[in-house]
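From first to last, the protein sequence lines stand for chains C, P, Y and W. Reminder that position 159 of the first sequence reads as 193 in the working numbering, one-by-one numbering, no gaps. Reminder that position 66 of the second sequence reads as 100 in the working numbering, one-by-one numbering, no gaps. Reminder that position 168 of the third sequence reads as 202 in the working numbering, one-by-one numbering, no gaps. Reminder that position 174 of the fourth sequence reads as 208 in the working numbering, one-by-one numbering, no gaps.
Wrong hints could be hidden among the right ones.
Pairs count within a copy or across copies, as identical chains cannot be separated in the list.
Claimed, not checked - Lysine-lysine pairs mimicking DSBU-like chemistry, simulated, CA-CA at most 30 Å apart: (1) K242 / K229; (2) K242 / K62; (3) K233 / K36; (4) K196 / K242; (5) K46 / K241; (6) K242 / K46; (7) K65 / K196; (8) K46 / K62; (9) K101 / K45; (10) K36 / K46; (11) K65 / K229; (12) K242 / K205; (13) K233 / K101; (14) K196 / K237; (15) K65 / K36; (16) K237 / K101; (17) K65 / K205; (18) K65 / K241; (19) K101 / K238; (20) K65 / K237; (21) K101 / K62; (22) K205 / K241; (23) K101 / K46; (24) K45 / K233; (25) K45 / K196; (26) K62 / K205; (27) K65 / K225; (28) K196 / K238; (29) K229 / K205; (30) K45 / K65.
Hint data in this document are derived by calculation from the structure and do not stem from the laboratory.
4 protein chains.
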Amino acid sequence: MKALFLNCTLKKSPETSNTQAFIAQAEKIFKELDVATETVRVADYNIAFGNSSDEGENDEWPTILEKIYNCEILIVATPVWRGDRSAIAKMIAERMDGIMEEGNDENGRFPTYNKVAGAMVDGNEDGAKRAIAAILFDLNEQGFSIPVNAFAYYVGKAGPGKSYIEAEGDKHEFTNKTLLYMVHNMVALAKSLEKEPIKTNLKKLDKKAEEMSS
Amino acid sequence: MKALFLNCTLKKSPETSNTQAFIAQAEKIFKELDVATETVRVADYNIAFGNSSDEGENDEWPTILEKIYNCEILIVATPVWRGDRSAIAKMIAERMDGIMEEGNDENGRFPTYNKVAGAMVDGNEDGAKRAIAAILFDLNEQGFSIPVNAFAYYVGKAGPGKSYIEAEGDKHEFTNKTLLYMVHNMVALAKSLEKEPIKTNLKKLDKKAEEMSS
Amino acid sequence: MKALFLNCTLKKSPETSNTQAFIAQAEKIFKELDVATETVRVADYNIAFGNSSDEGENDEWPTILEKIYNCEILIVATPVWRGDRSAIAKMIAERMDGIMEEGNDENGRFPTYNKVAGAMVDGNEDGAKRAIAAILFDLNEQGFSIPVNAFAYYVGKAGPGKSYIEAEGDKHEFTNKTLLYMVHNMVALAKSLEKEPIKTNLKKLDKKAEEMSS
Amino acid sequence: MKALFLNCTLKKSPETSNTQAFIAQAEKIFKELDVATETVRVADYNIAFGNSSDEGENDEWPTILEKIYNCEILIVATPVWRGDRSAIAKMIAERMDGIMEEGNDENGRFPTYNKVAGAMVDGNEDGAKRAIAAILFDLNEQGFSIPVNAFAYYVGKAGPGKSYIEAEGDKHEFTNKTLLYMVHNMVALAKSLEKEPIKTNLKKLDKKAEEMSS
Numbered sequence: 035m036k037a038l039f040l041n042c043t044l045k046k047s048p049e050t051s052n053t054q055a056f057i058a059q060a061e062k063i064f065k066e067l068d069v070a071t072e073t074v075r076v077a078d079y080n081i082a083f084g085n086s087s088d089e090g091e092n093d094e095w096p097t098i099l100e101k102i103y104n105c106e107i108l109i110v111a112t113p114v115w116r117g118d119r120s121a122i123a124k125m126i127a128e129r130m131d132g133i134m135e136e137g138n139d140e141n142g143r144f145p146t147y148n149k150v151a152g153a154m155v156d157g158n159e160d161g162a163k164r165a166i167a168a169i170l171f172d173l174n175e176q177g178f179s180i181p182v183n184a185f186a187y188y189v190g191k192a193g194p195g196k197s198y199i200e201a202e203g204d205k206h207e208f209t210n211k212t213l214l215y216m217v218h219n220m221v222a223l224a225k226s227l228e229k230e231p232i233k234t235n236l237k238k239l240d241k242k243a244e245e246m247s248s
Numbered sequence: 035m036k037a038l039f040l041n042c043t044l045k046k047s048p049e050t051s052n053t054q055a056f057i058a059q060a061e062k063i064f065k066e067l068d069v070a071t072e073t074v075r076v077a078d079y080n081i082a083f084g085n086s087s088d089e090g091e092n093d094e095w096p097t098i099l100e101k102i103y104n105c106e107i108l109i110v111a112t113p114v115w116r117g118d119r120s121a122i123a124k125m126i127a128e129r130m131d132g133i134m135e136e137g138n139d140e141n142g143r144f145p146t147y148n149k150v151a152g153a154m155v156d157g158n159e160d161g162a163k164r165a166i167a168a169i170l171f172d173l174n175e176q177g178f179s180i181p182v183n184a185f186a187y188y189v190g191k192a193g194p195g196k197s198y199i200e201a202e203g204d205k206h207e208f209t210n211k212t213l214l215y216m217v218h219n220m221v222a223l224a225k226s227l228e229k230e231p232i233k234t235n236l237k238k239l240d241k242k243a244e245e246m247s248s
Numbered sequence: 035m036k037a038l039f040l041n042c043t044l045k046k047s048p049e050t051s052n053t054q055a056f057i058a059q060a061e062k063i064f065k066e067l068d069v070a071t072e073t074v075r076v077a078d079y080n081i082a083f084g085n086s087s088d089e090g091e092n093d094e095w096p097t098i099l100e101k102i103y104n105c106e107i108l109i110v111a112t113p114v115w116r117g118d119r120s121a122i123a124k125m126i127a128e129r130m131d132g133i134m135e136e137g138n139d140e141n142g143r144f145p146t147y148n149k150v151a152g153a154m155v156d157g158n159e160d161g162a163k164r165a166i167a168a169i170l171f172d173l174n175e176q177g178f179s180i181p182v183n184a185f186a187y188y189v190g191k192a193g194p195g196k197s198y199i200e201a202e203g204d205k206h207e208f209t210n211k212t213l214l215y216m217v218h219n220m221v222a223l224a225k226s227l228e229k230e231p232i233k234t235n236l237k238k239l240d241k242k243a244e245e246m247s248s
Numbered sequence: 035m036k037a038l039f040l041n042c043t044l045k046k047s048p049e050t051s052n053t054q055a056f057i058a059q060a061e062k063i064f065k066e067l068d069v070a071t072e073t074v075r076v077a078d079y080n081i082a083f084g085n086s087s088d089e090g091e092n093d094e095w096p097t098i099l100e101k102i103y104n105c106e107i108l109i110v111a112t113p114v115w116r117g118d119r120s121a122i123a124k125m126i127a128e129r130m131d132g133i134m135e136e137g138n139d140e141n142g143r144f145p146t147y148n149k150v151a152g153a154m155v156d157g158n159e160d161g162a163k164r165a166i167a168a169i170l171f172d173l174n175e176q177g178f179s180i181p182v183n184a185f186a187y188y189v190g191k192a193g194p195g196k197s198y199i200e201a202e203g204d205k206h207e208f209t210n211k212t213l214l215y216m217v218h219n220m221v222a223l224a225k226s227l228e229k230e231p232i233k234t235n236l237k238k239l240d241k242k243a244e245e246m247s248s
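Could you put together the complete structure from these sequences and hints?
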């Protein structure tokens with residue numbers, strides 16, 4: 035079982051990323067549950083704006099998409115900017131629309147069906163819940179199930195202030211609680227779906243929708 | 035297995051509710067899958083504003099809350115007003131915060147753990163996705179897992195215009211498709227969780243969070 | 035010149051309202067600028083759910099609406115619940131849609147044209163900016179102009195924690211800065227509009243829209 | 035007097051942009067009011083992710099920022115993707131945070147004070163109001179005043195469908211009405227502020243905030 039993190043910081047390596055430090059804290063918990071982890075720092079890739087799975091020459095999104103298809107658990111992790119997820123988090127949400135074009139020939143299920151997803155958000159202040167709601171909605175439409183309590187966040191008081199690392203977010207009990215709930219529930223639901231997968235035949239339902247609507 | 039709908043129209047019975055007509059369409063699909071349904075029209079109850087499970091004298095929320103505890107599948111259905119869910123949908127989201135105070139003595143899991151939830155939104159225009167994102171986030175924090183594609187919506191073109199009934203939303207293929215996906219996936223995940231429930235011990239994790247944070 | 039605050043706390047008088055304390059801080063600043071203030075605690079009124087200016091028997095919204103029509107400056111002040119404005123704040127936003135039905139016979143301008151509006155949000159944690167964005171958008175559609183930096187907020191760190199009064203929000207420099215900017219800019223724009231009002235003839239533009247669209 | 039549009043389509047020139055067609059409709063109205071217009075198609079520029087006014091080598095944001103500083107009226111125009119503004123619209127909102135670092139030495143006012151701003155949103159379906167609310171909030175914090183009814187939008191019915199050009203959005207009466215209101219009110223408020231500018235001394239208020247908070 036594998037958990038993939040998409041770090042949506044605006045900063046390229048090797049700049050320090052608070053979101054990366056927050057992810058590191060989550061990775062420790064996954065490891066205790068014997069789940070392998072991998073993190074992609076999206077800013078280090080050349081990703082084109084768009085809505086398909088491949089936007090052509092030099093577009094490195096297909097590399098990341100393949101990683102998404104090879105994990106059971108996906109976590110989108112983003113800093114807060116302007117009270118919402120980062121522009122990079124929005125950009126990859128748009129690219130993930132391509133997944134919905136890749137339904138299985140037989141049953142129409144997207145390659146992400148029976149995977150689980152969650153969200154992590156960190157920032158110096160206000161905006162985590164709006165970011166989480168947007169991320170979870172997008173991933174839910176794009177084929178993922180969302181386990182109960184599938185998010186974790188750290189934000190400080192209103193106004194400019196310390197971010198996750200400097201604020202010692204790794205010692206903030208509420209944030210650690212959300213992380214523990216998130217990781218344990220993600221692994222639990224991923225296991226439930228491994229044993230008892232959702233087998234909805236979307237192709238059949240598409241036909242039925244057509245009939246109901248004529 | 036039972037599915038409960040909370041109709042968050044602003045209008046009391048017996049006024050015509052477009053949201054009620056939309057729910058009726060969903061109920062048909064649940065019945066085909068042998069799932070019983072019940073609908074609560076929240077506006078017909080006397081619900082106090084607040085954040086607890088019981089706001090005292092004359093508050094009828096406890097009646098609704100008991101219905102929530104007795105279903106396996108919960109759908110919050112709301113009309114769009116001001117580009118978002120209705121004030122009644124927001125009011126019950128606030129009341130549902132009380133659920134998080136009622137964790138099991140032994141393992142801390144809220145009474146809603148291992149239930150699944152979804153959202154239905156209808157309106158004459160724009161606002162469905164914002165409403166869905168808010169509803170799903172709230173239900174996810176309040177103990178529900180969200181099956182893949184757990185929402186359905188109908189909205190018309192920008193500006194004043196026909197609502198679900200008059201617009202014949204029940205013949206709008208896209209909306210019916212979202213309904214069919216939603217209902218089938220909700221039933222599928224509810225069954226998966228019946229056989230393979232999430233057994234996270236939140237009390238243990240609370241203790242662990244405390245240790246990690248000292 | 036008069037500034038009206040609508041306090042959207044969920045709690046009725048005489049319960050302590052953090053939002054009321056936050057408003058008191060804003061009132062002091064208005065008074066320094068010789069602007070009279072009045073605060074309506076919406077929870078103390080019997081307001082019906084709906085979208086018109088008068089929802090009939092026992093509905094006390096008309097009383098509040100008249101106060102809105104008699105001020106030059108309107109501030110919607112709300113606590114954060116579920117990462118967004120309160121259900122009461124949403125309820126009054128829906129009621130204010132009635133304003134758009136009351137355009138002047140000659141020029142179609144709503145009674146709120148040339149008034150200015152702003153938002154104040156307080157909470158123990160995350161959600162201020164989402165609430166502000168929703169409030170300002172609604173008021174802008176309902177006839178108000180929004181002066182630069184027309185909002186103020188206080189929220190604490192992620193998780194349960196102290197609210198405005200206990201956290202001494204009245205000593206939080208960032209929050210006070212936003213309050214000062216808000217009040218001074220609201221008064222400035224209200225004065226600009228008194229001298230140089232917006233005189234757009236909406237009736238003419240309605241006719242023009244019709245012509246452009248045929 | 036000059037109005038600047040930032041077209042936040044994801045597509046580079048010369049691909050057809052529905053947002054560009056929508057902007058063209060707005061430009062006609064500005065011209066009738068003798069206001070010059072210019073449109074920047076952001077996707078054609080090399081803009082770095084970040085939060086400052088200059089992100090170094092090859093970053094073309096300073097070119098756009100200069101245009102912003104040289105207009106009286108700014109309109110951010112975006113397509114809807116995932117029920118919200120585009121990633122490019124979010125990216126430039128983040129870059130515009132740099133404006134808040136450039137307060138006047140004497141009075142602290144950002145270079146955008148006394149400019150007015152608005153939002154235009156087009157899409158095949160749902161998401162306009164969420165996008166507008168986010169855009170107007172950001173611009174309001176970044177120094178712009180928002181005239182009454184300062185937005186216009188076109189979206190179609192729920193589900194995949196025609197966008198602005200193919201749907202003949204230029205003949206959709208509601209959309210044209212919002213455009214006319216927006217343009218006329220923007221010009222009116224820009225003129226009011228030219229004659230009666232907001233003169234708030236932010237530096238003084240910063241000092242006062244410090245005193246109030248000690």
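Outcome of the hint check:
1. K242 / K229: For K242 and K229, both the intra-copy (28 Å) and inter-copy (28 Å) Cα distances are at most 30 Å.
2. K242 / K62: Answer is between; shortest inter-copy Cα gap is 13 Å, intra-copy 46 Å.
3. K233 / K36: Both, since 21 Å and 20 Å are each at most 30 Å.
4. K196 / K242: Cα proximity of K196 and K242: across copies only (23 Å, versus 54 Å in one copy).
5. K46 / K241: Close neither inside one copy (46 Å) nor across copies (36 Å); limit 30 Å.
6. K242 / K46: For K242 and K46, neither the intra-copy (47 Å) nor the inter-copy (33 Å) Cα distance is at most 30 Å.
7. K65 / K196: Within one copy, since 28 Å is at most 30 Å while 34 Å is not.
8. K46 / K62: within (23 Å within a copy, 42 Å between copies)
9. K101 / K45: Result: close both inside a copy and across copies, 21 Å intra and 26 Å inter.
10. K36 / K46: within (24 Å within a copy, 37 Å between copies)
11. K65 / K229: both (21 Å within a copy, 26 Å between copies)
12. K242 / K205: Between copies only: 12 Å across chains, 52 Å inside a chain, cut-off 30 Å.
13. K233 / K101: Intra 23 Å, inter 28 Å, cutoff 30 Å: intra and inter.
14. K196 / K237: For K196 and K237, the Cα distance is within 30 Å only across copies (24 Å; inside one copy 50 Å).
15. K65 / K36: Within one copy only: 10 Å inside, 37 Å across.
16. K237 / K101: within (26 Å within a copy, 34 Å between copies)
17. K65 / K205: within (19 Å within a copy, 43 Å between copies)
18. K65 / K241: between (43 Å within a copy, 19 Å between copies)
19. K101 / K238: Intra 29 Å, inter 32 Å, cutoff 30 Å: intra-copy only.
20. K65 / K237: So K65 and K237 pass the 30 Å test across copies only (20 Å; inside, 38 Å).
21. K101 / K62: For K101 and K62, only the intra-copy Cα distance (20 Å) is at most 30 Å; the inter-copy one is 39 Å.
22. K205 / K241: between (52 Å within a copy, 13 Å between copies)
23. K101 / K46: both (19 Å within a copy, 28 Å between copies)
24. K45 / K233: neither (40 Å within a copy, 37 Å between copies)
25. K45 / K196: within (17 Å within a copy, 33 Å between copies)
26. K62 / K205: Classified as within: same-chain Cα gap 14 Å, cross-chain 39 Å, threshold 30 Å.
27. K65 / K225: both (15 Å within a copy, 29 Å between copies)
28. K196 / K238: Answer is between; shortest inter-copy Cα gap is 26 Å, intra-copy 52 Å.
29. K229 / K205: Neither. Shortest intra-copy (36 Å) and inter-copy (37 Å) distances fail the 30 Å Cα cut-off.
30. K45 / K65: This pair counts as within: shortest intra-copy Cα distance 26 Å, inter-copy 41 Å.
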